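Taking the hints into account, I'd like the entire structure generated from these sequences.
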Amino acid sequence: MVVEEKFEFTSGAKKKIITTFVVGLVLALIGIFVIGSGNHGHEEAHGADHSKETVAASAQHHGGHEASANEHAGAEHHEGGEHAEGGHHGATGIALRVIKNLWHNSVFFTGIAVIGVFFIAFNYIAQAGWSAAIKRVPEAFGYYIPFAAISTITLFFLFKQDLFHWYHDGLYNPFLADGKTPNPEYDPIIASKTWYLGKGFYIFRLFAYFILWFLVWFKLRTNSLNEDLNADLKYHDSSIFWSAIFLIIWGVTSSTSAWDWVMSADPHFFSTMFGWYVLASWFVTGLAFITYITVALKEAGYLSFVNENHFHDLGKFMFAFSIFWTYIWFAQFLLIYYANIPEESYYYVERLKNDTYSPIFFINLIVNFLFPFLVLMTRDAKRQRIILKVVAVAIIIGHWLDFYIMLTPPILKHEGGLDANFLFIELGLALVFGSIFVFLIMTGLSKASLVAKNHPMLEESIHHHVV
Amino acid sequence: MSKSTNYIIGVFNDEDVLMDAVSTLKSSGVKIQEAYTPFPVHGLDDALGYKPSNLPIAAFLFGLTGTICALLLTIGTMGFDWPMDIGGKPFVPLPHFIPVTFELTILLASLGMVATFLIISNLKPWGHDPFMFDGRSTDDKFLIVIDLDKNKMDKVALTNLFKQTGASEVNSKIVENH
Numbered sequence: 001m002v003v004e005e006k007f008e009f010t011s012g013a014k015k016k017i018i019t020t021f022v023v024g025l026v027l028a029l030i031g032i033f034v035i036g037s038g039n040h041g042h043e044e045a046h047g048a049d050h051s052k053e054t055v056a057a058s059a060q061h062h063g064g065h066e067a068s069a070n071e072h073a074g075a076e077h078h079e080g081g082e083h084a085e086g087g088h089h090g091a092t093g094i095a096l097r098v099i100k101n102l103w104h105n106s107v108f109f110t111g112i113a114v115i116g117v118f119f120i121a122f123n124y125i126a127q128a129g130w131s132a133a134i135k136r137v138p139e140a141f142g143y144y145i146p147f148a149a150i151s152t153i154t155l156f157f158l159f160k161q162d163l164f165h166w167y168h169d170g171l172y173n174p175f176l177a178d179g180k181t182p183n184p185e186y187d188p189i190i191a192s193k194t195w196y197l198g199k200g201f202y203i204f205r206l207f208a209y210f211i212l213w214f215l216v217w218f219k220l221r222t223n224s225l226n227e228d229l230n231a232d233l234k235y236h237d238s239s240i241f242w243s244a245i246f247l248i249i250w251g252v253t254s255s256t257s258a259w260d261w262v263m264s265a266d267p268h269f270f271s272t273m274f275g276w277y278v279l280a281s282w283f284v285t286g287l288a289f290i291t292y293i294t295v296a297l298k299e300a301g302y303l304s305f306v307n308e309n310h311f312h313d314l315g316k317f318m319f320a321f322s323i324f325w326t327y328i329w330f331a332q333f334l335l336i337y338y339a340n341i342p343e344e345s346y347y348y349v350e351r352l353k354n355d356t357y358s359p360i361f362f363i364n365l366i367v368n369f370l371f372p373f374l375v376l377m378t379r380d381a382k383r384q385r386i387i388l389k390v391v392a393v394a395i396i397i398g399h400w401l402d403f404y405i406m407l408t409p410p411i412l413k414h415e416g417g418l419d420a421n422f423l424f425i426e427l428g429l430a431l432v433f434g435s436i437f438v439f440l441i442m443t444g445l446s447k448a449s450l451v452a453k454n455h456p457m458l459e460e461s462i463h464h465h466v467v
Numbered sequence: 001m002s003k004s005t006n007y008i009i010g011v012f013n014d015e016d017v018l019m020d021a022v023s024t025l026k027s028s029g030v031k032i033q034e035a036y037t038p039f040p041v042h043g044l045d046d047a048l049g050y051k052p053s054n055l056p057i058a059a060f061l062f063g064l065t066g067t068i069c070a071l072l073l074t075i076g077t078m079g080f081d082w083p084m085d086i087g088g089k090p091f092v093p094l095p096h097f098i099p100v101t102f103e104l105t106i107l108l109a110s111l112g113m114v115a116t117f118l119i120i121s122n123l124k125p126w127g128h129d130p131f132m133f134d135g136r137s138t139d140d141k142f143l144i145v146i147d148l149d150k151n152k153m154d155k156v157a158l159t160n161l162f163k164q165t166g167a168s169e170v171n172s173k174i175v176e177n178h
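Quick note, the sequences are listed as chains L and U, same order. The first sequence begins at 1 in the working numbering and counts up one residue at a time. The second sequence begins at 1 in the working numbering and counts up one residue at a time.
Keep in mind that the hints were calculated from the coordinates and are not lab data. Owing to the predicted nature of the structure, the values given are computational and were not obtained by experimental measurement. Glycine included, every Cβ here is placed at the ideal spot set by N, Cα and C. Careful, some of the hints might be misleading.
Going by beta-carbon spacing under 10 angstroms, a handful of chain L positions derived as facing chain U [stated by the list, open to error]:
# : residue
1 : 268
2 : 324
3 : 327
4 : 337
5 : 340
6 : 373
7 : 377
BS3-like cross-link-like pairs, simulated, lysine-lysine; straight-line CA separation at most 30 angstroms [claimed, not checked]:
#  : chain 1 : residue 1 : chain 2 : residue 2
8  : L       : 6         : L       : 298
9  : U       : 51        : L       : 389
10 : L       : 298       : U       : 163
11 : U       : 89        : L       : 353
12 : L       : 316       : U       : 51
Following this line, the structure appears as structure tokens:
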């Protein structure tokens, strides 16, 4: 007889998460107000070395109207009026760094939450039985979607000028207001992308993503909860239908949201692999979160039906999709390296031929490919809880760095990187978002039984056996 | 005259009965030589006390051979034997060689694994035909084979034990050792 299991979100666990949140907030505040100001001297020292290179680089990529942030800060004081007219980035230095981090974390955790829905959807469509016992874990990820919507949409409207170069009006007209004088700000490459990066369409998509994702998740969750009360196959059939709808939606929106939120930070660059690259990154991180939470619940005495066979499958998922991510990463890199087209290859020049970012570029590959690949290769490793936990944490950190390396160079130029403040602003804000994410998922888990007791595949899942 | 081995074979109609029979036989101290089923039965390997296969190690070694061969081939020809300037890249542009390396790794690992499996399963195309205790084990019957010489129980006791555990028939077979 299948017994319901109710997850109790204890006050001790709540305290731990809230403490993490507070620690993250304090770290970020220290980074902003204490180290942030002390860092300027360091930047200036480097500024002299960088300035020539940066000007040359930005002349190539952005038509010369974007000096390094350091000079920019100086220019702001002397020629503030002129810059404001041109619609240049308002925030600089530490403020821009905080904005970038907020956006980075918001996008990162939004994707992971939607991966929870994706996981349920493809398991329904594949008629997979093994996952029925852990179904409530990815299902709870959806409780983060409302917060994700609020944070992402708010951040976009507050800081769109700082985050997205293409948002500035001055770039699109070949001529100034009089109709004769050539516009020095005119950027034909960005102007040619107006049909997609137009403000109306972009904002429409921004809202559409969250509405669609939330509605389908809500439908799947309601079906799942109703199934607990009333053992009727109609809920299962309806879930299969909505899963198919979700896969169609996610098939399009995973790529377009990646273009909108990540790739468009660098509006000159494009890569046809980028949507899949971001999807692969989100997906393997989502799997790592599902695995970690499942193992943690098991160790806390919940999920009595889950055994090493389920862990083995989750381990295989993490292993396989770490390789998938590497495959996509390499497919993007190889084509750009081989063809060597300037507007494509500068993406890698920015990250590889740059002391600020090249360490993270290589750490990214080691943590996200070599480590899971070598550690999870054997069968026994995938059945060990402790190894799964270690690899899951590594993957989560690694893919957070992956998003860092995608988003930071175009927004922050030379001001990012592994400096002293990385441990405060970057780590602090990641902890803030991470603790909100975990808190909302835990709350979601506590709202229903951890066992979907009337799931028609549950019996199969209980007897799941991996050779 | 070569030696021969006496085998006693329990034939079952159902895999669940077979699984129960395996545990009953094991608990009565019988050493089971082998079980034959028309399809993989989950849990049978553990019940029979099989050790995990070493095939993955063979796969890894074959894969490693593929990796090394591909790197030697590409680096040797493009880097040393006949260096060419292609698109201003270095003579040994490692990223260019990764696809070949990957493919050859997969190719040798998979082909090597198939060959290893066929040879250790005695399905190789040369030599003797594979031996079968009962051809019906490839269709709808499940067999448990016991080597009489390696067990203390005699033939009658084992036959009775097989019948008790639900075997539909019990046969014996004398196999000449090669």
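Going down the list of hints, with the structure as the test:
| no. | hint | result |
| --- | --- | --- |
| 1 | 268 | 22 angstroms, violated |
| 2 | 324 | 13 angstroms, violated |
| 3 | 327 | 9 angstroms, holds |
| 4 | 337 | 5 angstroms, holds |
| 5 | 340 | 6 angstroms, holds |
| 6 | 373 | 12 angstroms, violated |
| 7 | 377 | 8 angstroms, holds |
| 8 | L:6 <-> L:298 | 13 angstroms, holds |
| 9 | U:51 <-> L:389 | 27 angstroms, holds |
| 10 | L:298 <-> U:163 | 43 angstroms, violated |
| 11 | U:89 <-> L:353 | 16 angstroms, holds |
| 12 | L:316 <-> U:51 | 21 angstroms, holds |
Hints 1, 2, 6, 10, counting from the list given before, are not met by this structure.
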